[in-house]
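Model the full assembly from the supplied sequences, consistent with the hints where possible.
Sequences listed follow chains A and B, in order. Residue numbers for the first sequence follow my numbering, beginning at 23 and rising by one. Residue numbers for the second sequence follow my numbering, beginning at 392 and rising by one.
Be careful, since some hints might not be right.
Which stretches of chain A does chain B cover? Using the computed rule of at least three CB atoms under 8 Å from a CB of chain B, they are [to be verified]:
| id | region |
| --- | --- |
| 1 | 61-68 |
| 2 | 227-237 |
| 3 | 342-351 |
Between beta-carbon pairs, the in silico distance windows are [what the hints assert, rightly or not]:
| id | chain 1 | residue 1 | chain 2 | residue 2 | range |
| --- | --- | --- | --- | --- | --- |
| 4 | A | G369 | B | E413 | 11 to 21 Å |
| 5 | A | H273 | B | A539 | 37 to 47 Å |
| 6 | A | G434 | B | R416 | 31 to 41 Å |
| 7 | A | F220 | B | G400 | 15 to 25 Å |
| 8 | B | Y448 | A | D239 | 31 to 41 Å |
| 9 | A | A359 | B | D425 | 25 to 35 Å |
| 10 | B | E413 | A | A57 | 46 to 56 Å |
| 11 | B | V421 | A | G434 | 21 to 31 Å |
| 12 | A | Q439 | B | Y448 | 30 to 40 Å |
Bear in mind the hints are in silico, worked out from the structure with no lab data behind them. Quick reminder that beta carbons are idealized off the backbone N, C-alpha and C, glycines included.
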Amino acid sequence: MIHQHVLQRRFLVLLLSLFSLTSSLFAQDIAAGKALFMGKCASCHNVLKDGTGPALKGLEERHKWADHKELQAWINNPAAYMAKDPYTQGLKAKYGSMMTAFSEITLADVDNIVAYINDAAIVKVAAPGAGTSEPQGDQNAVIFGIISLVLGVIALILMQVNSNLKRLSDESNGVKTPAPIPFFRNKTNIALISIVFFVLGGYMVAKGAIGMGRQKDYQPEQPIYYSHKVHAGINQINCLYCHGSAWESKHAAIPSTNVCMNCHKAINTYEKGPKLFDEEGKEINGTAEIAKLYKYAGFDTSNPNQWDPSKAKPIEWVKIHNLPDHVYFNHAQHVRAGNVQCQSCHGEITDMHEVKQVAELSMGWCINCHRETKVNFNYDSTGGNKFYSLYEKFHDDLKSGKMDSVKVKDIGGLECQKCHY
Amino acid sequence: MKRLSIFSGLLTATLLWVGCSEVRRDPGTVYMPDMNYSRAYETYASTEALTKAGVNYTAAPVPGTISVDGAPAYPYKNDSAGYAMSAAVKNPLDPTSVDLKEAERLYLVNCGICHGKKLDGNGPLWNDGNGPYPSKPIALVGDAKYEAMAEGTMFHSLTYGKNAMGSYASQLSTKQRWMVITFIKNKQGAKATGAAPADTTATPKP
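Written out as structure tokens, the structure reads:
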């Protein structure tokens, strides 16, 4: 009886200790750990990827970190911990920078942070790729083509049937009809067909001749599949981040590789955006495209600290928008002085994976815009351009109501020498 | 037979029409290529031919070149000693004469993408961890460490890059870098002084 009692008590103790263990597990607050991780660790550490510091996924399996007291000692004072620990000395040698000390981190904080890391590592691995978007084929064009083809054939057959029936009815009525002239020897037909050919041919020749040297819709394949939709659209990178010289010079410069690497030193995979397809409908592997950039930049992902930007090779992008050599166009003048949005000439770049030329870039197209665009003459602290205060007469006319607005053409936008010299 | 030829003619016409609506991968022809494409060396043109012809061409400025706005070259090297010494470098710009509107524009174009419009380290690339960037950009306002950081140290980091951040020396001129730093210090100062209580009342509003 006593024996049984002891057993019972032991069982109770076991249960209690189990309970306390689970409750201590629950005490590790993932949300609190996330807040701490984002506030203090995330600048240098990612859960899944090496960054400034190592990836923290599975850190409890490394070194002595399963013991959170060791981890706390390291976090609280890395310099002192490292002095007698070859493992962390190796880490500093590998990543090239010293871990920052966080003396305020307590043991409970460490538990929470590790709980968050373990949680984030599992959840992220299980999460499938983000939403899909299918490429849109021009199925409508094919359907319309087939329908008009079928209708055309039916019309021809009906015409044939009609003429045959007419001949039959004429014969039965006893009306003598001359032997039918073959279609292509009928003079009316020949005249009609040659007029149609003349008009169509003339139209096509004129159109082709005008279109020569114009590249509207030109959408070349680039050495790297760089999606403007992902960069400028989804991730909201300002156009001027990469094409900064559009603000300052004639050219909207193509960024050098080091500008790409500002972000892509850290972003080495494409996983969060939509699926990518090229214009032919072939799926694009974003991560492989980033790897192409690394090749040009001479960047070794396994050894990021040894990267030397001066050894990079230029990426030979294919120029899309080309003005003839005898036309002068200045980006800064339009973007900065004129406050023209990039999209006005380049179209909805933020929706284009592969960029294509939207505008015709013909002289008529330029002139039309110069005729219609108003100049902001109201120079004050909110906008306008001080330069226009020179145009005293226009300012007077605006005030007296003689003009309601000043257009680009009024300040010389139609003069030949503005663009051709 | 005749009907067949008409049919096949229509078929080819349709195919041609469908074929023409394909992606335009070809720039087409021009009337006079030598007038259309520049004979002279244009921006980004390959200089390979020059090198082959033995012409001495350097794309980079000579070391020690001083820019038009007269800013002297930054004296310290990109190492931990240079980083430590950078704290003593003074901002050469007079904070009252800096065009803060232009400085803000520069900040929003070049820095805001990571460090956020509100300088809180939550730009679109981080977006609370949902963006593509793997490490959290630092909060320039709201983090005591960066609010206390010397302007010279910021300049050092902007020039050479620091940790995950790359160098901005190619995108911002020396003067522009100091302008951005003046803007950041200005924002940090606004938060540190009188604006702080106003800030807390403003946060609950969307």
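Tested hints:
no.: 1; hint: 61-68; result: holds (count 5)
no.: 2; hint: 227-237; result: holds (count 5)
no.: 3; hint: 342-351; result: holds (count 4)
no.: 4; hint: A:G369 <-> B:E413: 11 to 21 Å; result: holds, 19 Å
no.: 5; hint: A:H273 <-> B:A539: 37 to 47 Å; result: holds, 41 Å
no.: 6; hint: A:G434 <-> B:R416: 31 to 41 Å; result: holds, 38 Å
no.: 7; hint: A:F220 <-> B:G400: 15 to 25 Å; result: holds, 19 Å
no.: 8; hint: B:Y448 <-> A:D239: 31 to 41 Å; result: holds, 36 Å
no.: 9; hint: A:A359 <-> B:D425: 25 to 35 Å; result: holds, 32 Å
no.: 10; hint: B:E413 <-> A:A57: 46 to 56 Å; result: holds, 53 Å
no.: 11; hint: B:V421 <-> A:G434: 21 to 31 Å; result: holds, 28 Å
no.: 12; hint: A:Q439 <-> B:Y448: 30 to 40 Å; result: holds, 32 Å
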